[in-house]
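Following the hints, position chain Z against chain X.
Here is what each chain is made of, one letter per residue.
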Amino acid sequence: MNLLIPEFALIISSLGLLMLGVFKKNSQKLINNFILVLLVILIGIIGVNYKDNQNFFNNTYSVDLLSNFMKITVLIAVIFTNLISSQYLRNQSLTRFEYSILILFSVVGMFTMISANNLIIFYLGLELQSLCLYILASINTTSVKSSEAGLKYFVLGSLSSGLLLYGCSLVYGFTGSTDYYVIANSFLTSGDALKFGLVFILCGIAFKISAVPFHMWAPDVYEGSPTSVTTFFAMAPKIAALAALIRFLHIPYANFYADWKAIIIVISIASMILSAVAAIGQNNIKRLMAFSSIGHIGFILAGLAVGTKQSLSAVLVYVFIYVLMNIGTFACIMCIHRKGAYFEKISDLSGLSKNHPVVAFSLSMLMFSLAGIPPLAGFFAKFYIISSIIEQKIYYLAVIGLISAVISAFYYLRVIKVIYFDQPVDNYDPVENIGIKFSLAVAIIFILFYFIQPSLLSNIADNVALNFK
Amino acid sequence: MVYAILFLPLLGSILAGLFNKQIGDKTSQILTSTFIVIGACLSILILLRTIEHAEVLQYPIFDFVNSGSLKLHWSIYVDSLTAVMLVVVNSVSALVHIYSIGYMSHDPHKPRFFAYLSLFTFAMLSLITADNFLQMFFGWEGVGVASYLLIGFWFHKESANNASIKAFIVNRVGDFGLLIAMFLIFSTFGTLNFHDVFIHAAEFSKKTIHIFGEEFNLITVICLFLFMGAMGKSAQIILHTWLPDAMEGPTPVSALIHAATMVTAGVFLVVRCSPLFEYSKDALNVVAFVGATTAIFAATIAIVQTDIKRIIAYSTCSQLGYMFFAAGMGAYNVAIFHLFTHAFFKALLFLGAGSVIHGFHDEQDINHMGGVWKKLPFTYVLMIIGTLALTGFPLFAGFYSKDAIIESAFFSKSFFSGYAFVIGILTAFITAIYSWRLIYKTFHGKYNNTHMDISKVHESGLVMLIPLILLSLGAVFSGYLFHNIYLGEESTKFWGTSIFFLEKMKEQEVPEWLTILTPTLVISSIPISYYLFLGNNNVVKTIVDMNKPVHNFLVKKWYFDELYEYLFVNNAKRIGVFFWQKGDVGTIDAYGPDGISNSVKKIAGQASKFQSGYLYHYAFVILIGVALIVTVLMIL
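So the protein lines, in turn, are chains X and Z.
Using the working numbering, the first residue of the first sequence is number 1, and each one after it goes up by one.
Using the working numbering, the first residue of the second sequence is number 1001, and each one after it goes up by one.
Bound-form chain X, shown alone (with noise of 0.2 Å):
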C-alpha cells in the first residue's frame, strides 16, 4: 500500500492547502514552498519505490516501473515549471494560491492517468487533470487573449473528451468491462467492434498531447496562456496522456498491433512534418514552441509505432530529453523581459547576444538540440528513435522522420540567426531570479554533457521498458 503514498500525499496536501488558502490571507508565498519541497520529496519516495510492481483496487491502478518513471518525469518537469515563473508570475500579478492548488490537482490526474489501468479509471484523470488546465489557460483573467484561450481549450477538450468516452463505451458495450485485462483476453470476439473503439481513444489522447490532425488549439492556447502555463503544457499533461497511451496500446490493444501501428504511423507523419512546414510561418516563440512540441510529440509517436522493447526506450529516453529541453527553452524565454514586460516575438530576440551573452547561448544551444544536431542529448533522443524504426525496417518512416528534422532545423537556425546576427534593440532586463537560473543552468549542463554518459539514461529507459507489462 505504501507505493500508493504519492497520491494519498498528493491529494491530502492539495485539499489541505485549500484550506489554507482560502483562510488564511497572502497564504501563496507558504503555498508554494510547500509544494515544492513536497514535490521534491515525492521524487525520493517513487525512488526509493523503484522497483515494485503491483496493482491496486481490483487491477483498476497499476504502479509499475513505467508509472514511476513518468511521475518522476512529470514531477521534475513541475518543480522546474514552478521554479521557472515565480518570477513571471509576480511580474504579471497572477500570483493567487489557486494557481499552485490547480497544478497540483492537475498532478494528481496525471498520477492517476499514469496509472490508470481501467478506462473509468483513466477518464477521471484525465478529466481532473484537463479541468485544471482549462482554469490555468485562463487565469489571466484582464488578458483577452488568455480567457480565449482557456475557452478554446475548453470547447474543444470537450469534443474530444467526448470523443474519448465514445470510444470507451463501444468498448464497454462490446467487451463488457472496462478493466484492460479482460478488454484484452476479448479481442476474439469482439475484434471489429474494438478497433472502432480504438479509433475513437487514439483521437481523445492524440488531442492532449496535441498530435495532427487534433492539434489546432496547441498554438492558440499556447500563445494565449500566460507563459508558465504555456511551460507547463508543453511538458507534463504529455508526458501524462502520453504514458497512459503506452498503457493503453500495449495492455488492452496488445494484440492490435497491426491496426493500431497504422494509425499511430499516420498521426506521426503527419505532425512530424506539419509541424516542420507550418512552424516556419511563425513569429511568435510561444506559437513556435507550440509547433515545435507538434513535431517531437511526432517523433514520440513515429517510436511508439515500432512497439519493440527498444523503441519503448527510446521513446522514454526521448520523453525525458524534451521536457530537459523545454525547462530550459522556456527559462530563456522568461529572461526576455524590459522593465517587467515579457516579450514574444522571435524579433525581440535580436541583440540578446549582447546583454545576455549566456542566455543567448544557452538559447542557441538549445535550439541545436531541439533541431536534433550532434553531440547535444536532442541529437540522442532523435537517433536513439530513428535506430529502433531502421532496426524494425520501417525505412519510410525514418526517412521522412529525418527529412522534417531537417526542415524543421531551418526555424530553430533561424532564431539563432536574430539572436547573433541582428541588430540589437534595446537592453533587456539582466537575470536574477535563482530559479531560472538554476533551471537553465540544470537544462543546459544536461544537454550538453549527456554525451559523456549517454548509457545512464538509456539504461534506466531499457529497464523500464524490460519489464513493462
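Cross-link-like lysine-lysine pairs, in silico, DSS-like; alpha carbons within 27 Å at most:
(1) Z:1609 with X:145
(2) X:417 with Z:1602
(3) X:261 with X:309
(4) Z:1601 with X:417
(5) X:345 with Z:1601
(6) Z:1609 with X:417
Cβ-Cβ distance ranges computed for the label pairs, FRET-style:
(7) X:421 with Z:1600: 18 to 24 Å
(8) Z:1612 with X:421: 30 to 36 Å
(9) X:452 with Z:1600: 33 to 39 Å
(10) X:173 with Z:1620: 23 to 29 Å
(11) Z:1021 with X:339: 45 to 51 Å
(12) X:448 with Z:1612: 36 to 42 Å
(13) Z:1068 with X:391: 35 to 41 Å
(14) Z:1620 with X:2: 45 to 51 Å
(15) Z:1021 with X:391: 51 to 57 Å
(16) X:355 with Z:1612: 36 to 42 Å
Chain Z stretches covered by chain X per the calculated footprint, using a threshold of three residues with CB under 8 Å from any CB of chain X:
(17) 1596-1603
(18) 1610-1617
(19) 1626-1633
Hint data in this document are derived by calculation from the structure and do not stem from the laboratory.
C-beta: ideal position from N, C-alpha, C; glycine also.
Quick look at chain Z alone, frame taken from chain X:
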C-alpha cells in the same frame, strides 16, 4: 650529412613560413639562406667524393607505402647523377637565396617568399634523391606547387595569378602522362623502385601492349608517357606555353625554377630512366625530334621578343631542347653536362636581367633601355660573360657542352640525327644573334626610356652582385673543369650505374671542319648582330617589312596560345559555364535546395493560413481527422 642536405630547406621553409612573426623578417631570410648555403657546401663535397670514386649511397628514412605488393620507402639515393644534380640545385638555390635578400628588399612579404623558395628547394631535392617513382613524383608535384606559389607570389597582379594557374594546369597535362607511365610500370614490373625496374627492363623489351586495338611495344609506350611528363615540366614544344608566362614571378624565381632547376627535371627524368629509353629506339627518336624542334622553335621566337625576361625564357626553352635531343641521340651524359653548365650561365643571365630590371625600377622592355653600360658596369660585364657562355664562345662553359651535343648528333646513327645536327648548328647561330641583340639593346645605343631619367639608373648592391660573380665563375669554368670528368675517357667510371648505355660509347675523331664551324658562326654573330641592331637599324626594318607575316608569326609565338585558347580554353570554359549555369544553378539548385526550400516556404504560408483561429474550423479539422483515421483503418 645527406639528411641535412634534404631536410634543412624544409626546416627553413617551416620556420620562415609559419613562425616568421616570432623570428622576424631578417632572421627568416638569413636562416633560410644559411641552411641552403650549408646544403650547397655539402653537395659540393659529395660531388668531389663521387668524382674520386663513384659509389651508390642509400640512406633510408622510413616506410612510405606498404600495401599489397606495393612496397615503397622514403630514402635518399645518391649516385653520380644525383650528385651532379645536388650541386646544380643547391648551389644555384643558395645564390638565389642570397640574391633575393637584395632583390626583394622592398617587398612586404619577405618571409613568405623565402619560405616558398626553401620549400621549392626541398621538393626539388626530394625529386632528385628519390629511389622510386612515387617519391620522385612527390618531389615532381612539390616543385609544381612551389612554382605555382612563386609565380603567383605577387597575387594582387591578375596577370601573375593567371600565369600561375596556366603553369599549374599545363604541368598537370604532363603529370597525367607521368602518372600513366607509373601505372604501366607498376602493372608491368610489379614495383616502382628504380633499381628493380631497371634491372628487369631487358626482359620486357619485346613485350607488347594493346591500345585501341593496335599492338605497341610496352617499353616504348611507357617511355613516351614518361616523356610526356618531362615535356610538361621542361616546357617542350606543345606544352611549353606556360614558361614564358611564368616570368610574371619575381626574377630570382625565374632564375632558380624556370632556368636552372625545375625545368631541367624533365631532362633528369629521361636520363634517370635511360635503362628504359635504351630499349626503345622509337621513344628516343621522339625525344630527339621534340627536343630539336623545340630548340629551333624557341630560338626563332626569342629573336623578336622585346621583354628581357621572355627572351631569356625562350632561350631556356631552346636550351632544354638541346638537352633533350642530346638525350634522344643516346648521349645522356652530354645532356646532363649541358644541364650542368646551362644552370650556371642561365641563372647568371636571369639574375643579371633582374639586376638590370632593378636598376631600371621594374622596366622589362629592352626597347626602353639602352646606353647604360657605364651606369651598370658590373652587371654589364657579368651579362656579357653569361652571353658568351650561352652562345658557346670558345673556352666558356657553353662551348664545351653545346659542341658536345652537336658532335653527338653528328656521330649518332639515330633516325633524326641529321635533322638534329642541322638544327643544332642553326640554333647555335640564332642563339648567338638574339643573345647579342639583348646585350646591345639593353646596354648600348641611345637611352630610350621616357619614364625615368638616365641618372636614376643605378647599379645593384653587393648582396646582389656577389651571387652574380660566383655564378659567372661557374659560367666560365664549369665547362673546362668538368668536361673531362663528364664526357672524357674516365666518364664511364664516373657515371657508373646511374646512366645506362646499351652500346658502349666510343671516342671518335671529330672532323676538323666541325670543330671550327660552330665557333666561327658564334664569333661571327657578334659583329653581325652589332650591325643589325646597333649599326644600321634600317636593315632589320627592311627585313621585317619584307616578311611581315613571318614576323607576326614569330611575335605571336607561332600562335600557340591563340590555338590553345581556341581549342581547349574556350571549350573548357563553355563546358564549365554550361554545367555551372544549366547544370548546377539551373537544375540541381533550382530543383534541389532552392526548389525544395521555395516549395516548403509556400506550404508553410498555406499551413499558417490554415490556423484561422476560429473554433469551428478547429472542431471541423478534428472530426475530419477522426473520419480520416477510421478510413485508414478500414482500408488496411
